[in-house]
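Engineer: Listed here are the chains, written in short residue letters.
Number of protein chains: 4
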Amino acid sequence: MSVSEIAELQALIRDFADRRDWHRFHNPKNLALALCGEAGELAAELQWLTVEEAAELSGDALIRLRQEAADVAIYLLRLCDVAGIDLGSSVRAKLAINEIRFPAPSAG
Amino acid sequence: MSVSEIAELQALIRDFADRRDWHRFHNPKNLALALCGEAGELAAELQWLTVEEAAELSGDALIRLRQEAADVAIYLLRLCDVAGIDLGSSVRAKLAINEIRFPAPSAG
Amino acid sequence: MSVSEIAELQALIRDFADRRDWHRFHNPKNLALALCGEAGELAAELQWLTVEEAAELSGDALIRLRQEAADVAIYLLRLCDVAGIDLGSSVRAKLAINEIRFPAPSAG
Amino acid sequence: MSVSEIAELQALIRDFADRRDWHRFHNPKNLALALCGEAGELAAELQWLTVEEAAELSGDALIRLRQEAADVAIYLLRLCDVAGIDLGSSVRAKLAINEIRFPAPSAG
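Chains as they are written, first to last, in my numbering: chain A, 18 to 125; chain B, 18 to 125; chain C, 18 to 125; chain D, 18 to 125.
One should not assume that every hint holds.
Identical chains blur together in the list; that is why a pair holds if it fits in one copy or across any two.
The list that follows gives simulated cross-link-like pairs (lysine to aspartate or glutamate, DMTMM-like), each with its CA atoms no further than 25 Å apart [claimed, not checked]:
| # | residue 1 | residue 2 |
| --- | --- | --- |
| 1 | 111 | 22 |
| 2 | 111 | 77 |
| 3 | 111 | 73 |
| 4 | 111 | 25 |
| 5 | 111 | 38 |
| 6 | 111 | 32 |
| 7 | 111 | 35 |
Derived from the structure by calculation, the hints contain no laboratory data.
Model the full assembly from the supplied sequences, consistent with the hints where possible.
Structural biologist: Below, the structure is given as structure tokens:
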């Protein structure tokens with residue numbers, strides 16, 4: 018059976034942390050602070066742009082957003098790894114809940 | 018070729034938004050606000066716990082953290098979809114950059 | 018000499034925490050998580066509004082934003098109280114730094 | 018009658034923005050993104066510290082936290098100014114609500 022892409026990324030991040038002995042920092046509270054830090058950096062990339070400018074990023078601005086999105090993902094994936102959360106199935110389960118909470122008008 | 022897990026989740030989220038005509042809300046700035054909102058809700062789940070309590074979540078507390086992690090993922094995946102960011106390769110690229118910025122003591 | 022408004026609000030918040038024996042929860046890391054949580058709730062109030070709608074809030078939407086702004090302030094004031102930070106003079110000092118970092122086009 | 022400390026800080030921040038013609042950037046949604054950005058930077062200052070280390074900050078680490086707290090305050094004060102929110106009375110009103118929601122064990 019093939020390993021999922023998410024599990025694969027988590028293994029890369031775990032290995033990265035392992036080789037630096039960073040487990041001791043990676044508890045859920047610390048990782049939640051780091052996640053908020055990175056979500057904030059991502060927000061800061063877009064804060065003064067118009068809606069239109071933010072929707073048409075290119076060049077350096079897109080590269081920076083890409084890096085911030087990666088940073089958010091890294092801490093989210095690490096948090097889930099540490100807390101024993103299967104992120105892929107959690108997303109599917111949440112979408113199923115949302116499907117009921119927010120019924121689609123007709124469904125296409 | 019098989020579709021990646023991340024692309025698959027993005028397709029589910031895109032379809033969810035499509036059927037509700039929510040594209041118009043899903044621009045990068047709005048999604049960044051939503052991402053910060055969900056990162057904040059995740060933080061709130063852990064805020065008053067001790068480091069030890071947060072590291073041994075179970076039962077309802079773990080289910081709530083799981084749901085918040087899913088919400089963060091949903092908006093991050095949607096933002097990347099809308100902005101044309103390949104999240105999986107961005108994570109790999111960022112880890113490669115971090116590998117240079119933070120050299121491992123010995124490396125395995 | 019009169020007590021500053023900020024110090025007065027901090028005394029109210031401190032007293033509120035004291036009467037519930039909530040000091041033990043109010044360390045800087047927990048308060049930073051709470052601050053991010055409330056900043057996220059404030060963001061969520063505005064996330065799907067247009068720029069124009071968000072700039073002309075009234076009624077319940079304004080009341081909710083008001084409450085979220087208060088929550089952010091409460092945790093920020095509490096964090097500063099706990100960490101021994103004089104918030105008023107910190108703001109003045111930061112504005113002085115910004116005055117140099119971002120010179121105004123003309124007027125001084 | 019004396020102007021409140023909060024109103025005074027808001028006037029300084031407003032003047033700072035005015036002299037740079039930054040009104041056009043300072044709508045509630047942009048300021049909410051900026052607030053989340055600064056709350057995230059504050060979180061990042063504490064993320065890898067132990068609870069004890071974060072509770073005993075001094076020197077450069079305290080100066081950095083002080084600056085981040087000021088940045089959060091600046092955007093919160095500016096947002097309230099722009100949205101017509103009286104932050105001082107909002108905090109008092111929210112504490113009054115919390116007094117009812119979370120009754121103190123005994124003392125009044």
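Engineer: Does each hint fit the structure? Answer for all of them.
Structural biologist: Structure-based check of each hint:
1. Within a single copy, residue 111 and residue 22 get their C-alpha atoms as close as 19 Å, and across copies as close as 16 Å, so both meet the 25 Å cut-off.
2. Proximity of residue 111 to residue 77 under the C-alpha cut-off of 25 Å is restricted to the inter-copy arrangement: shortest distance 15 Å between copies versus 34 Å within a copy.
3. Taking identical chains as interchangeable, the C-alpha atoms of residue 111 and residue 73 lie at most 25 Å apart only when they sit on different chains, with a minimum of 22 Å there against 29 Å within one chain.
4. Taking the closest pair of Cα atoms, residue 111 and residue 25 come within 25 Å of each other both inside a single copy (22 Å) and across two copies (15 Å).
5. Taking the shortest Cα distances, residue 111 and residue 38 sit within 25 Å of each other only across copies (19 Å), while inside one copy they are farther apart (33 Å).
6. For the homomeric pair residue 111 and residue 32, the shortest alpha-carbon distance between copies (14 Å) is at most 25 Å, but the shortest distance inside one copy (29 Å) is not.
7. In the homo-oligomer, the alpha carbons of residue 111 and residue 35 lie at most 25 Å apart only across protomers (17 Å), although the nearest pairing inside one protomer, at 31 Å, exceeds that limit.
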